[in-house]
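J.: One letter stands for each residue in the lines below.
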Amino acid sequence: MSPTIAVVGASLAGLSAARALRDQSYDGRIVVIGDEVHAPYDRPPLSKDFLAGRASSDDIALGAPDDEDLHLEWRLGTTAVGLDHLSRSVLLEDGSEVRADGVVLATGARARRLPGSDGLDGVHVLRSLDDAIVLREDLALAERLVVIGAGFIGAEVASTARTLGLDVTVVETQPVPLAGPLGTDMGAVCAGLHADHGTRLLVGTGVAGLVGTGRVEAVELTDGTRLPADVVVVGIGATPNVEWLAHSGVALGNGVLTDVRGATNVPGVVAVGDCAATWSVAAERHVRTEHWTSALEQPATAAATLLGTGGPVPTPVPYFWSDQYGARIQFAGSRREGDVARVVEGSCADRSFLVVYERDGHPVAVLGMDQPRLFTRWRRQLRSVVPTPS
Amino acid sequence: MILVCPTTALPPGEAIRVEADEPIAVFNVDGEFYAIDDTCTHQDASLADGWLDGCAVECPLHASCFDLRTGKVSGPPAKTPVRTHRVVVADGMVYVRPGVAAEGAA
Ligand SMILES: Cc1cc2nc3c(=O)[nH]c(=O)nc-3n(C[C@H](O)[C@H](O)[C@H](O)COP(=O)(O)OP(=O)(O)OC[C@H]3O[C@@H](n4cnc5c(N)ncnc54)[C@H](O)[C@@H]3O)c2cc1C
Ligand SMILES: NC(=O)c1ccc[n+]([C@@H]2O[C@H](COP(=O)([O-])OP(=O)(O)OC[C@H]3O[C@@H](n4cnc5c(N)ncnc54)[C@H](O)[C@@H]3O)[C@@H](O)[C@H]2O)c1
Ligand code: FES
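Chains B and H, in that order, give the protein sequences.
For reference, each letter of the first sequence is one residue, going 1 to 390 in UniProt numbering.
For reference, each letter of the second sequence is one residue, going 1 to 106 in UniProt numbering.
For the record, the hints were derived by calculation from the structure and aren't laboratory data.
These figures come from a predicted structure and were not determined experimentally.
Ideal placement from N, C-alpha and C gives every residue a C-beta, glycine not left out.
Incorrect hints may have been included.
To be verified - Each pair of labels, with its calculated beta carbon distance range:
(1) 7(H) / 196(B): 49 to 59 Å
(2) 7(H) / 192(B): 41 to 51 Å
(3) 97(H) / 381(B): 18 to 28 Å
(4) 197(B) / 54(H): 54 to 64 Å
(5) 2(H) / 112(B): 26 to 36 Å
(6) 259(B) / 20(H): 42 to 52 Å
(7) 90(H) / 185(B): 42 to 52 Å
(8) 7(H) / 197(B): 41 to 51 Å
(9) 5(H) / 259(B): 44 to 54 Å
(10) 97(H) / 185(B): 19 to 29 Å
(11) 5(H) / 192(B): 53 to 63 Å
(12) 373(B) / 54(H): 17 to 27 Å
(13) 112(B) / 3(H): 48 to 58 Å
Required output: the full structure, derived from the provided sequences and hints.
T.: Okay, structure coming up:
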């Protein structure tokens with residue numbers, strides 16, 4: 001009988017894993033199990049062009065015409081509820097199971113919800129195509145939007161809503177948004193885009209609760225302020241979808257723990273994308289990288305691990321982009337507290353700049369706003385430097 | 001024909017964006033000039049800002065690769081090719097003919 005590999009999670013990481021297995025000449029069965037009914041689609045446009053009505057669901061499909069040649073067995077609309085590590089079987093919610101010789105865990109992450117917000121109309125999170133469709137419909141009828149959380153989701157949704165003509169307020173608990181990924185100085189510069197485009201940004205403010213019966217009417221802050229709202233979007237981070245692996249024997253932390261090559265502690269089981277906390281040589285700890293490019297690139301390494309073909313130890317340079325108020329923000333590398341940010345091109349005031357983060361005089365990360373060409377050159381340069389543990 | 005620039009202004013390994021009905025990117029690969037649509041077919045990025053690797057350009061946003069000779073996708077996520085345009089070099093000047101496919105391109 002031909003071998004079977006089960007891929008759990010039918011999104012960017014799962015599809016990329018299936019493609020990588022075929023690229024690497026695996027010709028056995030591949031069963032792709034995904035709980036969403038939709039064929040794989042791209043999430044980044046959900047807060048950008050799709051939400052703005054400039055892209056359709058066809059535009060954001062991840063499938064390519066020649067994917068038929070991959071001969072994948074799709075099990076869409078099917079939730080995996082467990083993994084038996086001895087028989088390497090994936091257990092499905094209908095009680096059936098998929099017996100496999102290898103398993104790729106690619107179940108991603110889900111949006112964190114605000115406690116106490118369940119059952120109130122007009123309150124949204126944004127993670128899936130279905131989320132984006134209902135949010136888009138709701139925004140079309142609304143005048144006032146309150147966004148909770150000034151991370152990536154918050155900033156991008158606020159920006160899109162402004163282009164739709166809404167009055168927008170963003171509430172953030174931290175004193176400076178995006179300080180985690182970008183550092184305080186650059187976080188503040190990027191957050192300046194909100195004011196430039198007429199969005200109110202309230203920082204250092206907690207949310208006490210949502211006001212309304214049936215439908216949300218306002219957001220109440222911890223200082224007692226009430227912000228009237230027709231629609232509320234909660235963008236306060238994401239949680240990895242790993243609960244279904246609780247009794248599987250697969251080691252879990254903030255995600256599925258893997259080595260640099262995507263291997264879990266269970267032989268024949270690898271993990272990729274937003275659900276995976278992968279060992280980072282540079283950071284000397286497990287890092288769950290919640291960015292599109294990791295979900296695209298990690299599967300090639302993990303597929304080689306599963307097929308036992310090895311290859312060199314990958315030295316990824318994390319990369320992400322974000323589109324906010326017409327500005328294209330790009331970041332690559334690994335920044336830490338204490339790294340020095342230096343503007344090497346343009347100026348922050350002009351909202352067009354390139355910033356290099358340096359540690360002991362060496363570049364470790366780069367941030368660009370509307371500087372794609374220069375950014376690409378710096379990103380390349382970072383990729384050619386082998387990271388050393390520090 | 002659109003005048004792009006003197007050949008000396010576009011050294012090997014460099015690219016330039018030319019405004020036309022649809023913007024066009026012109027590349028110099030070791031002395032050979034190629035022109036393709038500047039806008040990536042995946043989403044919205046300028047390929048003239050991309051990374052040249054032999055006869056391919058990598059999109060600066062999500063790293064789709066296009067073959068400069070044919071316009072074909074040589075790496076995902078893009079699914080559709082870009083159009084190629086014919087380049088004419090005369091008297092030290094680089095020109096493109098928008099809408100006329102490069103010789104040898106499909
Ligand atoms: C609105 C939005 C905008 C974004 N914008 C950007 C951006 O601009 N730049 C960037 O770098 N990144 C961006 N990201 C992040 C990027 O989309 C993610 O990093 C990427 O989608 C991760 O891919 P994944 O396949 O690992 O996980 P996911 O895309 O989360 O997919 C996991 C899939 O597994 C399914 N699943 C979960 N549990 C089970 C189960 N038990 N059984 C079966 N199936 C299951 C899920 O429903 C889902 O379909 C954005 C994300 C969102 C939500
Ligand atoms: N361009 C991009 O890269 C992009 C765009 C959208 C989404 N994503 C991904 O989607 C996921 C979710 O994004 P996100 O923006 O929700 O997460 P995030 O972690 O980027 O930001 C969450 C923000 O919410 C704040 N916050 C937390 N609790 C709060 C509370 N109770 N009240 C007010 N603020 C609070 C945090 O301080 C933080 O600033 C992440 O994986 C992210 O990487 C990425
Ligand atoms: S816009 Fe070029 S690869 Fe996405």
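J.: So, for every hint listed, does it hold in this structure?
T.: Hints, verified against the model:
1. Checked against the hint of 49 to 59 Å, the C-beta distance between residue 7(H) and residue 196(B) comes to roughly 41 Å, which is inconsistent with it.
2. Look at residue 7(H) against residue 192(B): about 42 Å separates their beta carbons, and that is inside 41 to 51 Å.
3. Checked against the hint of 18 to 28 Å, the C-beta distance between residue 97(H) and residue 381(B) comes to roughly 36 Å, which is inconsistent with it.
4. With their beta carbons about 41 Å apart, residue 197(B) and residue 54(H) fall outside the hinted range of 54 to 64 Å.
5. Take residue 2(H) and residue 112(B): their Cβ atoms lie about 52 Å apart, and the range 26 to 36 Å is violated.
6. For residue 259(B) paired with residue 20(H), a C-beta distance near 50 Å keeps the hint of 42 to 52 Å intact.
7. Range check, residue 90(H) to residue 185(B): Cβ separation about 51 Å, and the 42 to 52 Å hint holds.
8. The hinted range of 41 to 51 Å is satisfied by residue 7(H) and residue 197(B), whose Cβ atoms lie roughly 42 Å apart.
9. Between residue 5(H) and residue 259(B) the C-beta distance comes to about 50 Å, which sits within the given range of 44 to 54 Å.
10. The hinted window of 19 to 29 Å between residue 97(H) and residue 185(B) is violated, with their beta carbons roughly 48 Å apart.
11. The hinted window of 53 to 63 Å between residue 5(H) and residue 192(B) is violated, with their beta carbons roughly 36 Å apart.
12. Distance hint check for residue 373(B) and residue 54(H): the Cβ-Cβ separation is about 19 Å, which falls inside the suggested range of 17 to 27 Å.
13. Between residue 112(B) and residue 3(H), the C-beta spacing of about 55 Å keeps the proposed range 48 to 58 Å intact.
Violated hints, listed in ascending order, are 1, 3, 4, 5, 10, 11; each of the other numbered hints is respected by the structure.
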